[in-house]
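Using the sequences and the hints given, assemble the complete structure.
Chain by chain, the residues:
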Amino acid sequence: MDSFDRYKDLNVRQITTNDLKRKYSVTADVLSYRRCPRLYASQSIRSFAPAQPSQRYVGSMIHQVLDRAHLQYSGRISNATANQIPNDDQIRIYFNEVDSALRAHGIRPFNPELGEYVLKLLQRFNRIEGKDLYPRVKDTEHKLQSDRGRYILHGVVDVLVSPTGSDSRDVEIWDYKGTKRPIETTGFGKKILEDYKFQMLVYSSLFKMRNGYYPSKGVIYFLGELRGQTITSRPSSAVLEVPLDDAEMNKALQSFDNTVSQIETSKDTNNWPPPSNGAETAGRETCDACDLRTSCPKERNKYHHRIPGSK
Amino acid sequence: MNLDDFINAIEAIPGRGFRLDNNQKIVISHGDGPLWVIAGPGSGKTDSIVFRCLKLLVVDKVSPASIILTTFTEKAANNLQTRISQYMQYLIAIDKSLETIVYNRIRVDTLHGLCNDRMQEFRFTGYQNYRLLDDIEQRLFIIEHSSSTSLDSTVSQNYDDLWPGFPYVFAIFDPLTTSIWNPNSGRPPNRNIKTKGLSKLFNRIVEDRLDTNAMYAEGGSWETLVKAYEEYRNKLFDNYRCDFAHVQLKFLDFLKSQQSSLFLYGDGTDQYPGVKHVLVDEYQDTNQIQEEIYFKLAENSKNLCVVGDDDQALYRFRGGTVDCMVNFENSCQQKWKIPEITSVFLSTNYRSNPGIITFYDGYMRSFQEMSLPGARVRGKPPLTAGSAINGSYPPVAIHRGKNADEVAEFFANMLEYLLDKQLIHDYSECVLLLHSTKRSKYKAGPFMDALENHNIPYYNPRSKGLLEQEEIKVILGGLLKIIDPSSTAQRAVKFPAIREICDEWRGEFDRVAANNKDLRDYVTSYANSILRMGPSTSVGVNLLEIFYDLLNFPPLSDWIDDPERSTRIGVVCNVLDAYSNVPNSKNTKNMLGFLYTSSNVNQGISFTWRKNFYYSLLGLLASEGLNEAEDEIENFPRGRVPIMTIHQSKGLEFPLVFVYGLSSAIVDMASVQMESDFAKFSRNSNNSSTRFTTEQKVKQDLVRRFFVAYSRAQYALILLAKRTEYTRPGVGFGGDSNWTVFGNTIEI
Chain X
1 MDSFDRYKDL NVRQITTNDL KRKYSVTADV LSYRRCPRLY ASQSIRSFAP
51 AQPSQRYVGS MIHQVLDRAH LQYSGRISNA TANQIPNDDQ IRIYFNEVDS
101 ALRAHGIRPF NPELGEYVLK LLQRFNRIEG KDLYPRVKDT EHKLQSDRGR
151 YILHGVVDVL VSPTGSDSRD VEIWDYKGTK RPIETTGFGK KILEDYKFQM
201 LVYSSLFKMR NGYYPSKGVI YFLGELRGQT ITSRPSSAVL EVPLDDAEMN
251 KALQSFDNTV SQIETSKDTN NWPPPSNGAE TAGRETCDAC DLRTSCPKER
301 NKYHHRIPGS K
Chain U
1001 MNLDDFINAI EAIPGRGFRL DNNQKIVISH GDGPLWVIAG PGSGKTDSIV
1051 FRCLKLLVVD KVSPASIILT TFTEKAANNL QTRISQYMQY LIAIDKSLET
1101 IVYNRIRVDT LHGLCNDRMQ EFRFTGYQNY RLLDDIEQRL FIIEHSSSTS
1151 LDSTVSQNYD DLWPGFPYVF AIFDPLTTSI WNPNSGRPPN RNIKTKGLSK
1201 LFNRIVEDRL DTNAMYAEGG SWETLVKAYE EYRNKLFDNY RCDFAHVQLK
1251 FLDFLKSQQS SLFLYGDGTD QYPGVKHVLV DEYQDTNQIQ EEIYFKLAEN
1301 SKNLCVVGDD DQALYRFRGG TVDCMVNFEN SCQQKWKIPE ITSVFLSTNY
1351 RSNPGIITFY DGYMRSFQEM SLPGARVRGK PPLTAGSAIN GSYPPVAIHR
1401 GKNADEVAEF FANMLEYLLD KQLIHDYSEC VLLLHSTKRS KYKAGPFMDA
1451 LENHNIPYYN PRSKGLLEQE EIKVILGGLL KIIDPSSTAQ RAVKFPAIRE
1501 ICDEWRGEFD RVAANNKDLR DYVTSYANSI LRMGPSTSVG VNLLEIFYDL
1551 LNFPPLSDWI DDPERSTRIG VVCNVLDAYS NVPNSKNTKN MLGFLYTSSN
1601 VNQGISFTWR KNFYYSLLGL LASEGLNEAE DEIENFPRGR VPIMTIHQSK
1651 GLEFPLVFVY GLSSAIVDMA SVQMESDFAK FSRNSNNSST RFTTEQKVKQ
1701 DLVRRFFVAY SRAQYALILL AKRTEYTRPG VGFGGDSNWT VFGNTIEI
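Protein sequence lines, in the order shown, are assigned to chains X and U. Numbering of the first sequence is given in the working numbering, commencing with residue 1 and proceeding in unit increments. Numbering of the second sequence is given in the working numbering, commencing with residue 1001 and proceeding in unit increments.
Derived from the structure by calculation, the hints contain no laboratory data. Just so it is clear, the structure is predicted and the values come from calculations on it, not from any experiment. Treat the hints with care, since some could be wrong.
20 Å max Cα-Cα, derived EDC-like pairs, lysine to aspartate or glutamate [what the hints assert, rightly or not]: (1) U/K1611 with U/D1503; (2) X/K267 with U/E1632; (3) U/K1473 with U/D1518; (4) U/K1250 with X/E97; (5) X/K267 with U/D1631; (6) U/K1589 with U/E1121; (7) X/K302 with U/E1545; (8) U/K1235 with U/E1137; (9) X/K23 with U/E1121; (10) X/K217 with X/E97; (11) X/K143 with U/D1631; (12) X/K208 with X/E248.
Here are the in silico distance ranges between beta carbons for each label pair [to be verified]: (13) U/A1217 with X/P135: 37 to 45 Å; (14) U/Q1089 with X/T265: 23 to 31 Å; (15) X/N270 with U/F1607: 36 to 44 Å; (16) X/Q229 with U/N1627: 37 to 45 Å; (17) X/G149 with U/T1588: 44 to 52 Å.
All C-beta atoms in this analysis are idealised placements derived from N, C-alpha and C, irrespective of residue type, glycine included.
Next comes the structure, spelled out in structure tokens:
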């Protein structure tokens, strides 16, 4: 040990940790964690790839096809004529392109009928909304982020819409959902709607931080409400307008901060329990698609261990 | 805020510890035009580049989204982003009017991240929603899709003249056969070796921007290589996939297309301001295609600021040849006709004890190969000491041990002593740097053993040891028991290394399942159920679903609540997912993860599929091993001794640095030879490939690697060597036969 004593005058200054900031998003982090911390931990913390990412099919398809439709109208797609609403055939072409690309990411529909169903919804949306909506679109897949001190908050707004012209500060933020409008009278439906409103409130706050003014309103469009051959105009149930109140937005940001704190605590303690009332909070669809459902402390009794070939 | 106020403000930032020197101020204050910053280790390079960014925002009022700042890793990008954010908060506290600057819109990223995100953002038609393949996925794709690796020899034999043409990538040690393929044998190498070599060649064709027409015209193995490459590239894109080399090529296509005009030139709004400033950190590791991208990005503004240290170039294997850094001035002259550019040397070192600086500066200068024209930036001044670190302890010392075990024991004892005497606060203040951190007898193995014996926690995510972990063996063993219950396909595999590792996994599963009846019974029923299915039918579950089904039983269901075990299980999940998502070459609409039964009754999963699974995925795992997952933000956790490769330590600093392997001659010979061989097809006249001999390049690379290792140390550098190394000292000992650079080094 004598040789080590040569170092007795060593006086290492303690390293001050330079707190690197993690990014948290509304949907991929905060809402996912609130829905089920156990599932969030497996997918987002331990990076488990889902075995059947089909759940993401409808949402991804809708966002990407409509994005192409908006870009075509604005002339940002090569070989497309600006200011022209795509027709059904063009929507089908975009659909096929997106379908191939999603397959490269392992995302495919549960069955071919689902693909056709989504295509019909998109074509209907395009016919019903294109003429009024597309000319008013200011931007699509609009990325927003803000430094919250401890972390970076980020989100992507589907569409920025200007009701009165492209130079106006009167901007609406739109979000597309592939589902039907949740039923407000059921416990879970109410919760989902609350989540959607929360998402719009947070995006609006982010928008204000970037631009210095608030959007005039948030619009959630439920494409699932366009199901049915006979639909030729927008059903009132397809659109939910979210009033953007200052106090509500601050409350949403506060609530976002709180959930981020809970996520960080879960990380520190490695405690990721499923919600205490299981599928009531997580949603039955989420539990049905969860790869770890048959070992879930809350829901395992509802599921059987799978044996292929047996019912 | 004007420039003087800005400089005053940043000099007063608490905790930075030193004022800006004149050269740092030049970097920060520079106006328009190219800026070439040659920054020695510990010279405040990162802060200088960050302050320059802030100056652009605060003083010049440049739109944040028009600034591109790239660096080498995502962790380094996150570090830059955090510093920008912290310093901006500080500046806003001084001047409230700065609050309106949306500084997080600066595009801070790795170059690959920039390429991918901007092409997505601007919806480049040639890159919409592509799947970006990592190294493993790329190799799995090649083995499945390249005709040259086809199992059908009537197809693959058309490529037989390719392999002997490039022996440096194919005649390498093969862990599956424990031999080296002989180019004169008249037989091709096995598929695993073919794939490994092809991925290297394909990447270099892209990264070196080689003229494939000229290669094709050369005939022979060159022509065949181009055929194989073009087939690979076409299949890749047809299947909406892209590798890390091609994402850069796609980006270059994007930049040259009409679709990039909004990105490059903007529309006059803050949303799309165009590209006004490009700042590149770690420029010494830039390769040909990356240089072309940077010059294209800055073509309009000419505001290209590159920062790096030619002495710290480490990435020849990715085509980074140091030439781009050394010849930056020439490139500006040639490409932009700018006769003279501003160059700045940052040569005051604020990191290390002056004794350490003297040591590694002398080390670099002791090599005659480093003074050859083109090896270093011309006129580079010696490093000077700017740190206040001192003390009466030896800043540089060497320990001679009888053998690796003894050296490792010394290392563990010293760590114990340092913590015990409170000379360090935490084990993570010491790092062990090696050429390879693989857990083997000649690499990190003895050190990991010694630390374990002393109960000293360590962090070595790149030990390639993931497959040694209990939970991984059990999962893979269980998986094999389901997909190949009687081992019929496994027995047909000709490589013992694959069969042996599979037997080990099966054995581990049996051991654990013996005490877990539910798991054992489930696996048996699962396998039997598949065997009972009719011929040529879908199994109804995919490969990843079988993996998840196993996780639902104890002890695996308990292990997924353990943070370390579950993170490792996540790595295997992702590897299985990667394999599952490779398009089947016979029908690209089907992925390899889809399972079908054999066309013969009661034979279970298709024999061909099983055999392919063994040869391609398990062959890859058996030959390469798997690393642990790493945190995307933190470089290493507190409380544990990091064991790192020298490459991993790039950009980092540690109070105490231990370096082992001074005589190691582990060099990437293939990259050097490939570079020389490919030089004749290069479109770049600055290419050094013909300037130095292979031996000189190999030596220069090693010297730079040791220089990086030695210059990580702040307080003390401790060199660890075996006695035998003294009889034939290697490059780590210095450049002259008397290794005078070690003259003042104390032996401990």
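- Can you list which hints this structure breaks, lowest number first? 6, 10, 11, 13, 16
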